[in-house]
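Enquirer: Based on the provided sequences and hints, a complete structural model is requested.
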Amino acid sequence: MKEKKFQFIEKPKDSLLSLIIANRPTCYAELIKLAVRFEFLHGNCNSEDELTQDLEKRDQRSDTRIFEDFALPHCETKYVDHSDLIFIDCSKKICKWFYGDSVKGVFFIILKSNESLENKKKIQHYVTKLANYQTILKLYGLNSLEDLEKMLN
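The opening residue of the sequence shown carries number 1 in UniProt numbering; numbering runs sequentially from there.
Hint data in this document are derived by calculation from the structure and do not stem from the laboratory.
This structure is a prediction, so every number in the text was calculated from the model and none was measured.
Hints are supplied without guarantee of correctness; some may be wrong.
[As the list claims (entries may be wrong)] Simulated crosslink set (DMTMM-like; lysine to aspartate or glutamate; CA at most 20 Å straight-line):
id: 1; residue 1: 120; residue 2: 14
id: 2; residue 1: 96; residue 2: 59
id: 3; residue 1: 78; residue 2: 59
id: 4; residue 1: 33; residue 2: 101
id: 5; residue 1: 129; residue 2: 147
id: 6; residue 1: 33; residue 2: 76
id: 7; residue 1: 92; residue 2: 69
id: 8; residue 1: 96; residue 2: 30
id: 9; residue 1: 122; residue 2: 149
id: 10; residue 1: 11; residue 2: 81
id: 11; residue 1: 13; residue 2: 81
id: 12; residue 1: 121; residue 2: 149
id: 13; residue 1: 112; residue 2: 59
id: 14; residue 1: 129; residue 2: 149
id: 15; residue 1: 78; residue 2: 115
id: 16; residue 1: 11; residue 2: 146
id: 17; residue 1: 122; residue 2: 76
id: 18; residue 1: 120; residue 2: 81
id: 19; residue 1: 93; residue 2: 30
id: 20; residue 1: 33; residue 2: 81
id: 21; residue 1: 4; residue 2: 30
Expert: Below, the structure written as C-alpha coordinates:
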(Lines of atoms letter the chains of each structure in order from A and count residues from 1; the text may use other names and numbers.)
(Lines give C-alpha, C1' and ligand atoms only; values in the text may rest on other atoms or scores of the structure.)
Protein backbone atom coordinates (compact mmCIF):
# COMPACT_ATOMS: atom_id res chain seq x y z
CA MET A 1 0.00 0.00 0.00
CA LYS A 2 1.31 3.45 -0.94
CA GLU A 3 2.14 5.77 1.95
CA LYS A 4 -0.13 8.83 2.23
CA LYS A 5 1.49 12.07 1.12
CA PHE A 6 0.29 13.86 4.27
CA GLN A 7 -1.04 12.59 7.56
CA PHE A 8 -3.23 14.91 9.63
CA ILE A 9 -3.12 14.24 13.36
CA GLU A 10 -6.47 15.14 14.93
CA LYS A 11 -6.49 17.66 17.74
CA PRO A 12 -8.79 18.65 20.56
CA LYS A 13 -10.65 21.92 20.02
CA ASP A 14 -9.00 23.61 23.00
CA SER A 15 -5.42 22.97 21.83
CA LEU A 16 -3.32 25.66 20.16
CA LEU A 17 -1.08 22.96 18.64
CA SER A 18 -1.59 20.85 15.52
CA LEU A 19 0.59 18.21 13.87
CA ILE A 20 0.87 17.21 10.21
CA ILE A 21 3.32 14.59 8.99
CA ALA A 22 4.49 15.29 5.44
CA ASN A 23 5.81 12.11 3.85
CA ARG A 24 6.41 13.54 0.37
CA PRO A 25 6.28 17.35 0.38
CA THR A 26 7.49 19.30 -2.63
CA CYS A 27 7.77 23.02 -1.87
CA TYR A 28 6.83 25.87 0.43
CA ALA A 29 3.70 26.73 -1.59
CA GLU A 30 2.37 23.22 -1.06
CA LEU A 31 3.03 23.41 2.70
CA ILE A 32 1.36 26.81 3.01
CA LYS A 33 -1.70 25.53 1.15
CA LEU A 34 -1.69 22.44 3.34
CA ALA A 35 -1.66 24.49 6.56
CA VAL A 36 -4.41 26.76 5.26
CA ARG A 37 -6.51 23.79 4.11
CA PHE A 38 -6.04 22.20 7.54
CA GLU A 39 -7.41 25.39 9.13
CA PHE A 40 -10.36 25.43 6.73
CA LEU A 41 -11.22 21.76 7.27
CA HIS A 42 -11.18 22.30 11.03
CA GLY A 43 -13.62 25.19 10.72
CA ASN A 44 -11.09 27.82 11.72
CA CYS A 45 -10.55 29.67 8.43
CA ASN A 46 -13.19 31.76 6.67
CA SER A 47 -11.12 32.60 3.57
CA GLU A 48 -8.47 30.20 2.30
CA ASP A 49 -7.22 32.62 -0.36
CA GLU A 50 -6.80 35.51 2.08
CA LEU A 51 -5.04 33.40 4.72
CA THR A 52 -2.71 32.00 2.05
CA GLN A 53 -1.89 35.55 0.95
CA ASP A 54 -1.21 36.63 4.55
CA LEU A 55 1.27 33.77 5.03
CA GLU A 56 2.96 34.27 1.65
CA LYS A 57 3.31 38.05 2.19
CA ARG A 58 5.31 37.44 5.35
CA ASP A 59 7.80 35.15 3.61
CA GLN A 60 8.18 37.57 0.73
CA ARG A 61 9.37 40.28 3.15
CA SER A 62 12.11 38.13 4.68
CA ASP A 63 13.18 34.55 5.20
CA THR A 64 11.28 32.89 8.06
CA ARG A 65 13.83 30.15 8.63
CA ILE A 66 15.14 30.36 12.19
CA PHE A 67 17.70 27.63 11.57
CA GLU A 68 19.19 26.39 8.30
CA ASP A 69 16.60 23.61 7.94
CA PHE A 70 13.65 24.84 10.02
CA ALA A 71 11.14 27.58 9.13
CA LEU A 72 8.79 29.52 11.37
CA PRO A 73 6.32 31.25 9.04
CA HIS A 74 3.84 33.43 10.86
CA CYS A 75 1.16 36.00 10.34
CA GLU A 76 -1.50 37.91 12.20
CA THR A 77 -4.77 37.62 10.35
CA LYS A 78 -8.46 38.38 10.59
CA TYR A 79 -9.32 35.27 8.55
CA VAL A 80 -9.22 32.76 11.43
CA ASP A 81 -11.51 32.34 14.43
CA HIS A 82 -8.70 31.33 16.80
CA SER A 83 -4.92 31.20 16.75
CA ASP A 84 -3.24 27.97 15.76
CA LEU A 85 0.29 26.59 15.70
CA ILE A 86 0.84 23.88 13.11
CA PHE A 87 3.99 21.78 13.04
CA ILE A 88 4.62 20.06 9.70
CA ASP A 89 7.29 17.38 9.91
CA CYS A 90 9.08 17.10 6.54
CA SER A 91 12.01 15.08 7.86
CA LYS A 92 11.16 12.00 5.74
CA LYS A 93 11.70 14.03 2.56
CA ILE A 94 13.32 17.43 2.83
CA CYS A 95 11.24 20.19 1.23
CA LYS A 96 12.25 23.28 -0.77
CA TRP A 97 11.44 26.47 1.11
CA PHE A 98 10.76 30.00 -0.13
CA TYR A 99 14.25 31.11 -1.13
CA GLY A 100 15.27 27.77 -2.63
CA ASP A 101 16.75 26.41 0.58
CA SER A 102 15.58 23.11 2.07
CA VAL A 103 13.73 22.53 5.34
CA LYS A 104 13.02 19.45 7.42
CA GLY A 105 10.36 21.11 9.55
CA VAL A 106 7.95 24.02 9.40
CA PHE A 107 6.11 25.48 12.37
CA PHE A 108 3.30 27.81 11.27
CA ILE A 109 2.07 30.42 13.72
CA ILE A 110 -1.31 31.72 12.65
CA LEU A 111 -2.26 34.46 15.08
CA LYS A 112 -5.83 35.68 15.21
CA SER A 113 -6.14 39.46 15.09
CA ASN A 114 -6.86 40.77 18.58
CA GLU A 115 -5.75 37.53 20.24
CA SER A 116 -6.03 37.42 24.03
CA LEU A 117 -2.98 38.17 26.12
CA GLU A 118 -3.28 34.70 27.70
CA ASN A 119 -3.00 32.93 24.33
CA LYS A 120 -0.21 35.26 23.19
CA LYS A 121 1.76 34.23 26.28
CA LYS A 122 1.18 30.53 25.49
CA ILE A 123 2.38 31.08 21.93
CA GLN A 124 5.41 32.98 23.18
CA HIS A 125 6.24 30.03 25.45
CA TYR A 126 6.21 27.64 22.47
CA VAL A 127 8.30 29.97 20.32
CA THR A 128 10.87 30.31 23.10
CA LYS A 129 11.20 26.51 23.16
CA LEU A 130 11.73 26.52 19.39
CA ALA A 131 14.73 28.83 19.77
CA ASN A 132 16.68 25.77 20.93
CA TYR A 133 17.83 23.64 17.98
CA GLN A 134 18.06 20.54 20.19
CA THR A 135 14.33 20.87 20.90
CA ILE A 136 13.60 21.10 17.18
CA LEU A 137 15.59 17.93 16.48
CA LYS A 138 13.38 16.08 18.99
CA LEU A 139 10.23 17.12 17.10
CA TYR A 140 11.08 15.07 14.02
CA GLY A 141 9.39 11.69 13.89
CA LEU A 142 6.68 12.45 16.46
CA ASN A 143 3.46 10.59 15.75
CA SER A 144 1.04 12.15 18.20
CA LEU A 145 -0.14 15.55 19.28
CA GLU A 146 0.39 14.48 22.89
CA ASP A 147 4.10 13.92 22.20
CA LEU A 148 4.34 17.33 20.53
CA GLU A 149 2.66 19.00 23.51
CA LYS A 150 5.00 17.23 25.96
CA MET A 151 8.03 18.32 23.96
CA LEU A 152 6.99 21.98 23.94
CA ASN A 153 5.59 22.31 27.47
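Enquirer: If a hint holds in the structure, say so; if it does not, say that too.
Expert: Hint check:
1. 120 x 14: 15 Å, holds
2. 96 x 59: 13 Å, holds
3. 78 x 59: Roughly 18 Å between the alpha carbons, so the hint for residue 78 and residue 59 holds.
4. 33 x 101: 18 Å, holds
5. 129 x 147: 14 Å, holds
6. 33 x 76: 17 Å, holds
7. 92 x 69: Within the cut-off at roughly 13 Å; holds.
8. 96 x 30: Holds, at about 10 Å.
9. 122 x 149: 12 Å, holds
10. 11 x 81: Roughly 16 Å separates the two Cα atoms, so the pair holds.
11. 13 x 81: Between residue 13 and residue 81 the Cα gap is close to 12 Å, so the pair holds against 20 Å.
12. 121 x 149: 16 Å, holds
13. 112 x 59: Roughly 18 Å separates the two Cα atoms, so the pair holds.
14. 129 x 149: Distance of about 11 Å is within 20 Å: holds.
15. 78 x 115: Satisfied, since the Cα-Cα distance of roughly 10 Å is no more than 20 Å.
16. 11 x 146: Given pair residue 11, residue 146 holds - Cα atoms ~9 Å apart, limit 20 Å.
17. 122 x 76: Holds. Residue 122 to residue 76 sits at ~15 Å (cutoff 20 Å).
18. 120 x 81: Holds - the C-alpha atoms of residue 81 and residue 120 are around 15 Å apart, at most 20 Å.
19. 93 x 30: 14 Å, holds
20. 33 x 81: Satisfied, since the Cα-Cα distance of roughly 18 Å is no more than 20 Å.
21. 4 x 30: 15 Å, holds
Every hint, counting from the list given before, is met by this structure.
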